[in-house]
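Trainee: Spelled out, the chains give:
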Amino acid sequence: EDQVTQSPEALRLQEGESSSLNCSYTVSGLRGLFWYRQDPGKGPEFLFTLYSAGEEKEKERLKATLTKKESFLHITAPKPEDSATYLCAVQGSPNDMRFGAGTRLTVKP
Amino acid sequence: NAGVTQTPKFQVLKTGQSMTLQCAQDMNHNSMYWYRQDPGMGLRLIYYSASEGTTDKGEVPNGYNVSRLNKREFSLRLESAAPSQTSVYFCASRVRGGSTDTQYFGPGTRLTVL
Numbered sequence: 276e277d278q279v280t281q282s283p284e285a286l287r288l289q290e291g292e293s294s295s296l297n298c299s300y301t302v303s304g305l306r307g308l309f310w311y312r313q314d315p316g317k318g319p320e321f322l323f324t325l326y327s328a329g330e331e332k333e334k335e336r337l338k339a340t341l342t343k344k345e346s347f348l349h350i351t352a353p354k355p356e357d358s359a360t361y362l363c364a365v366q367g368s369p370n371d372m373r374f375g376a377g378t379r380l381t382v383k384p
Numbered sequence: 025n026a027g028v029t030q031t032p033k034f035q036v037l038k039t040g041q042s043m044t045l046q047c048a049q050d051m052n053h054n055s056m057y058w059y060r061q062d063p064g065m066g067l068r069l070i071y072y073s074a075s076e077g078t079t080d081k082g083e084v085p086n087g088y089n090v091s092r093l094n095k096r097e098f099s100l101r102l103e104s105a106a107p108s109q110t111s112v113y114f115c116a117s118r119v120r121g122g123s124t125d126t127q128y129f130g131p132g133t134r135l136t137v138l
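So the sequences go chain by chain: A and B. Following our numbering from start to finish, the first sequence increments by one per residue and tops out at 384. Following our numbering from start to finish, the second sequence increments by one per residue and tops out at 138.
Just chain A, with the same shape it has in the complex (with noise of 0.2 Å):
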């Protein structure tokens, strides 16, 4: 069965302290791993799709990396506004999205 396990649970830093978050998975044949931004009481925001073992993409502060166990979102220099709950998906058979429980991220200025 696929899992997908993120961690850690929560993260508090400073603005301007660059951290990560993990996104460890299983999957039967990798089909994507996606990354979300959820804002409270919001639907999740598409941030990346990601296919292949080293491949990575940016977007601003974020930059997304993966291997063939793990994905890493990186953050650098973080601001306030990047507080928010980050999703992880992975998708193996057409009919199976999974998600992680996601890592709920602050942001303290």
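The set of hints was computed from the structure by calculation and includes no laboratory data. We put the CB at the ideal spot given by N, CA and C, even for glycine. Be aware that a few hints might be false.
[As the list claims (entries may be wrong)] Restricting the straight-line Cα-Cα distance to at most 20 Å, the calculated cross-link-like pairs of lysine to aspartate or glutamate (EDC-like) are:
#	chain 1	residue 1	chain 2	residue 2
1	A	LYS354	A	ASP314
2	A	LYS332	B	ASP125
3	B	LYS95	B	GLU76
4	B	LYS81	A	GLU276
5	A	LYS338	A	GLU320
6	A	LYS338	B	ASP125
7	A	LYS354	A	ASP371
8	A	LYS317	B	ASP50
9	A	LYS383	A	ASP314
10	A	LYS334	B	ASP125
11	B	LYS95	B	ASP80
12	B	LYS38	B	GLU103
13	A	LYS344	A	GLU330
14	B	LYS33	B	GLU103
15	B	LYS33	A	GLU276
16	B	LYS33	A	GLU320
17	B	LYS33	B	GLU97
18	B	LYS81	A	ASP371
19	B	LYS81	A	ASP277
20	A	LYS317	A	GLU356
21	A	LYS317	B	ASP62
22	A	LYS383	A	GLU292
23	A	LYS383	A	ASP277
24	A	LYS332	A	ASP357
[Stated by the list, open to error] Examples of chain A residues toward chain B, derived with CB under 8 Å:
#	residue
25	LEU288
26	SER294
27	GLY318
28	PHE321
29	LEU362
30	ASN370
31	ASP371
32	MET372
33	PHE374
34	ALA376
[What the hints assert, rightly or not] Label-pair restraints from in silico Cβ distances:
#	chain 1	residue 1	chain 2	residue 2	range
35	A	THR351	B	VAL36	35 to 45 Å
36	A	GLN289	B	SER104	44 to 54 Å
37	B	GLU76	A	LYS354	38 to 48 Å
38	A	GLY304	B	LEU138	34 to 44 Å
39	A	GLY304	B	VAL119	43 to 53 Å
40	A	ASP314	B	MET65	41 to 51 Å
Add chain B to chain A, keeping to what the hints say.
Mentor: Leaving out everything else, chain B in the frame of chain A:
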């Protein structure tokens, strides 16, 4: 361009009542999805529709039915609501092509079953 819209935003039901959650997208996407999100757990796929006229079960389909009414609309029905179905329900549409694979989520329906 409204994206993905969901109605209602909030709903309270009594055990055994039925209701339909509505979802519509205006992005001309073929694929649409229904998820539920519970505290401490990731989103879980209930049903999906790869294209108009087709629907398939996801991870947690029991107690739910769906209808892909047309390309725009994908509804989720609870025939006999149970307290275990208290959750936040999200609808999403998906676009795939080339290097693009993106899901767009609606704002959610917060359902409480008493």
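Trainee: Now tell me, hint by hint, if it's right for this structure.
Mentor: Right, here's what the structure says about each hint:
1. A/LYS354 to A/ASP314: This hinted pair holds, its Cα atoms lying about 15 Å apart.
2. A/LYS332 to B/ASP125: Answer holds: A/LYS332 to B/ASP125 is near 14 Å, not above 20 Å.
3. B/LYS95 to B/GLU76: 5 Å, holds
4. B/LYS81 to A/GLU276: 16 Å, holds
5. A/LYS338 to A/GLU320: Roughly 16 Å between the alpha carbons, so the hint for A/LYS338 and A/GLU320 holds.
6. A/LYS338 to B/ASP125: Between A/LYS338 and B/ASP125 the Cα gap is close to 17 Å, so the pair holds against 20 Å.
7. A/LYS354 to A/ASP371: Status violated; Cα separation ~34 Å.
8. A/LYS317 to B/ASP50: 19 Å, holds
9. A/LYS383 to A/ASP314: 16 Å, holds
10. A/LYS334 to B/ASP125: 16 Å, holds
11. B/LYS95 to B/ASP80: 15 Å, holds
12. B/LYS38 to B/GLU103: Cα-Cα ~12 Å, so holds.
13. A/LYS344 to A/GLU330: Holds, at roughly 13 Å.
14. B/LYS33 to B/GLU103: 19 Å, holds
15. B/LYS33 to A/GLU276: 33 Å, violated
16. B/LYS33 to A/GLU320: At roughly 18 Å apart (the allowed maximum being 20 Å), A/GLU320 and B/LYS33 satisfy the hint.
17. B/LYS33 to B/GLU97: At roughly 16 Å apart (the allowed maximum being 20 Å), B/GLU97 and B/LYS33 satisfy the hint.
18. B/LYS81 to A/ASP371: Distance of about 9 Å is within 20 Å: holds.
19. B/LYS81 to A/ASP277: Holds, at roughly 16 Å.
20. A/LYS317 to A/GLU356: Distance ~15 Å between A/LYS317 and A/GLU356 Cα, so the pair holds.
21. A/LYS317 to B/ASP62: 14 Å, holds
22. A/LYS383 to A/GLU292: 10 Å, holds
23. A/LYS383 to A/ASP277: 35 Å, violated
24. A/LYS332 to A/ASP357: This hinted pair holds, its Cα atoms lying about 17 Å apart.
25. LEU288: 22 Å, violated
26. SER294: Since chain B brings no Cβ nearer than about 21 Å to A/SER294, farther than 8 Å, the hint is violated.
27. GLY318: 3 Å, holds
28. PHE321: 5 Å, holds
29. LEU362: It holds, given that the least Cβ distance between A/LEU362 and chain B is near 7 Å, below 8 Å.
30. ASN370: Holds, because the Cβ-Cβ distance from A/ASN370 to chain B comes to roughly 5 Å (cut-off 8 Å).
31. ASP371: For A/ASP371, the interface hint holds, since the closest Cβ of chain B sits about 7 Å away, which is under 8 Å.
32. MET372: Since the shortest Cβ distance to chain B is 5 Å, the answer is holds.
33. PHE374: 3 Å, holds
34. ALA376: 5 Å, holds
35. A/THR351 to B/VAL36: 35 to 45 Å: 44 Å, holds
36. A/GLN289 to B/SER104: 44 to 54 Å: Distance hint for A/GLN289, B/SER104 holds at roughly 50 Å.
37. B/GLU76 to A/LYS354: 38 to 48 Å: For B/GLU76 and A/LYS354 the Cβ distance comes to about 42 Å; the hint holds.
38. A/GLY304 to B/LEU138: 34 to 44 Å: 42 Å, holds
39. A/GLY304 to B/VAL119: 43 to 53 Å: Roughly 22 Å apart at Cβ, these two residues miss the hinted range, so it is violated.
40. A/ASP314 to B/MET65: 41 to 51 Å: Because 18 Å falls outside the window, the suggested range is violated.
Hints 7, 15, 23, 25, 26, 39 and 40, counting from the list given before, are not met by this structure.
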